[in-house]
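Engineer: Make the full structure from the sequences, and use the hints.
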Amino acid sequence: MAKISAKYKVIYIIDPAQGEEGIAALVEKFKAMVEAEGTLVSLDELGKRRLAYPINDLPEGYYVRMICECKPQLPAELDRVLNITEGVIRHIITDEEV
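Counting in my numbering, the sequence shown runs from -2 upward without gaps.
Simulated crosslink set (DSS-like; lysine-lysine; CA at most 30 Å straight-line):
no., residue 1, residue 2
1, Lys28, Lys68
2, Lys4, Lys68
3, Lys45, Lys4
4, Lys4, Lys26
5, Lys28, Lys6
6, Lys28, Lys45
7, Lys68, Lys6
8, Lys45, Lys26
Worth flagging that the hints you see were computed from the coordinates, not collected in a lab.
Remember, predicted model here, so these are calculated numbers, not experimental data.
Structural biologist: Next comes the structure, spelled out in structure tokens:
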């Protein structure tokens, strides 16, 4: 029997050069994407943190963590959008263990 929905953890890092308004717009964009296709369980803006190693010559990034419950098709679409969105420097999507 196929799963109707599953929990996923999405962590992405935004370039802090986007500024407060740019960061807020990106967070809202991904939040709306999840809410359109599923349920947003939690959204944590972890803030600006030093990266373990520079990514694209950036020493810092703005971390955001979302936990959502959605159909299995959404993570693939979210991954595609995160890959092509300017300002997102890294992301990871994993199954959330229950």
